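Student: One-letter residues, chain by chain:
2 protein chains.
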Amino acid sequence: MGVDVPDLIGGLERGERRSLARLLTVVEDGDPARLRELIAAIYPSTGRARVIGITGSPGVGKSTLTDAIATELRGQDRSVAILAVDPSSPFSGGALLGDRVRMQGHHADPKVFIRSMASRGHLGGLSFATPQAVLVLDAAGFDDIIVETVGVGQSEVEIAATADTTLVALAPGMGDGIQAAKAGILEVADLFVINKADRGGAGQLEAELRGMLEMGHALEEPADGREASAGWWPPILRTVAVRGEGIPEVVAALDDHLDHLEAAGRRDERRRERALHTIREIALAAVRRRVTDLAAGDDRVLGELSGQVAARELDPYTAADQLLDALEAST
Amino acid sequence: MGVDVPDLIGGLERGERRSLARLLTVVEDGDPARLRELIAAIYPSTGRARVIGITGSPGVGKSTLTDAIATELRGQDRSVAILAVDPSSPFSGGALLGDRVRMQGHHADPKVFIRSMASRGHLGGLSFATPQAVLVLDAAGFDDIIVETVGVGQSEVEIAATADTTLVALAPGMGDGIQAAKAGILEVADLFVINKADRGGAGQLEAELRGMLEMGHALEEPADGREASAGWWPPILRTVAVRGEGIPEVVAALDDHLDHLEAAGRRDERRRERALHTIREIALAAVRRRVTDLAAGDDRVLGELSGQVAARELDPYTAADQLLDALEAST
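Protein sequence lines, in the order shown, are assigned to chains A and B. FYI, the working numbering numbers position 102 of the first sequence as 102, with every residue one higher than the one before it. FYI, the working numbering numbers position 134 of the second sequence as 134, with every residue one higher than the one before it.
Honestly, the hints are just simulated from the structure, not real lab data. Keep in mind it's a predicted model, so treat the numbers as computed, not measured. Certain hints may be false.
Now the stretches of chain A that chain B is said to cover, found in silico as 3 or more residues with beta-carbon under 8 Å [unchecked claim]:
(1) 41-48
(2) 271-283
Partial list, derived from the structure: chain B residues whose beta carbon lies under 8 Å from chain A [as the list claims (entries may be wrong)]:
(3) G2
(4) A286
(5) G307
(6) A319
No residue lacks a Cβ here, since even glycine has one placed at the ideal position from N, Cα and C.
Only chain A is shown next, with the shape it has when bound in the complex:
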């Protein structure tokens, strides 16, 4: 309501921050017609930004680390957008208190933009919205886009699918932090950062991590997403982000990784993977919508099937087959 997408795109092209913010709200709201219009219009202007993913468990100091990296990048006169994706929060973005507090660290710097994004419960969720929000920030002309997300379950994999380089942050004394994150982080990390490294236990954490990496290297065939990293051994760096310690080295390592991707001709591979991820999520959201429409539609196919399944006249797999048949017949 009251959202004129072409008008906002005009504003985006003129570098208006308010238009950018409102377009990100369009992405968050997830209205398919508006999103299609938006993405189709801006798509030719995208593909220039570097996308950095930063993930890690709660408490490792991700936000501080992200802000410190942003400050370092600004020192190199690069413009930076931070997209903080929180799969555990149902909050909407835009006006988050946290954003405002974080923005203060960057004063009125027009070349830093920070935005939180939450799932508003719309179809497809954050795995649908995040790559499209990145496209909007890309079209807005930021040199670097940092996607920061708390590492829970699938989110590490999602972030890696969106980023050129994925940084996994850890901290000593988080107990089973590594253990819990293990399944996800080894596969997605291009770079490990042990933050809060002034605490006891940083050395042990690094040793454990190195052991896991070596074991993983020895035991596992590279997974699909891993091909792009062939020839790259994820470095393990230490930081005390709150004091800026170790941050220049992290930024240098991010650059190294990008150089590696370029030199190995693998950056295009990452771009294709990212495109694949985006297409798939858009397609799945469309299917999800169709299924929901079938549930609400006049014929109420799904309603009838549910009644039969609830009455144990039909098992849910047979019902799902019939639902998919109905779905195809309806398109």
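Since chain A is already given, all that's left is putting chain B on it; use the hints.
Tutor: Okay, now just chain B, sitting in the frame of chain A:
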């Protein structure tokens, strides 16, 4: 490998705990052919158990509360299965240390079964696996199945879709606990429990919650899932689960809610909603699989589209349309 589903179902029917555990691993693994075989075979034997959902933020004492409720139900000679679903953990179930520790509280009681379930990253995730795990526990003959999940984002909604009665647990002094959970909990709760009620702030928490409920009641049209609760005003109870205080009252309130559903003829409605949810998740997982197959298939439709999108020759929405066309042509 080495999994004989009919054999395990035989064991399940004979009440063998090991067969039950292995069938839950089949669910967790998510192999579609095996799952279809399993669910179709057991489905006629399901629909008898009461399903209780328990959700809440980390730190409110969900596990302790769940265990205390299970103990109380055992005192009424009801058999109880607890399915602890953790969307934030990539761990596999079965051998979790936490399960073993928790089982000790129920000694060798054969009428209590506790199992953690985690997303193994398979297609569809926990929203696909959870309702099917509940069916297995239902077929195993448990009177009550408690699905316990940490309340993050979508998970409250998922749990409500699987349960007859959804209990939302809170605790004083959790700061923005209510705020963060707000969007989800008001819609799904049939029952609120303020645990750790011996701490200061329980009264204030209850007052806040009551205020939110009244505001929600005044402002909001009932959402779809809410219809089933018409005429039911979620009670707010207080417990100190670690000492068993307030637990009989919670169990009585769970019974009251079920009576209410039955009396209002609404339990069948919940069953239909649960069936709808299950069918939809199975169908969506199937579509997701087909999309992935298209990416890996000989024709590599998705691979080609990704290349064009990465090269900015095509926008991702148009590519998604073409992917869905290819999907339909291939079935």
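Student: When the hints from earlier in the document are held up against this structure, which numbers fail?
Tutor: Violated hint (a single one): 3; every other hint is consistent with the structure.
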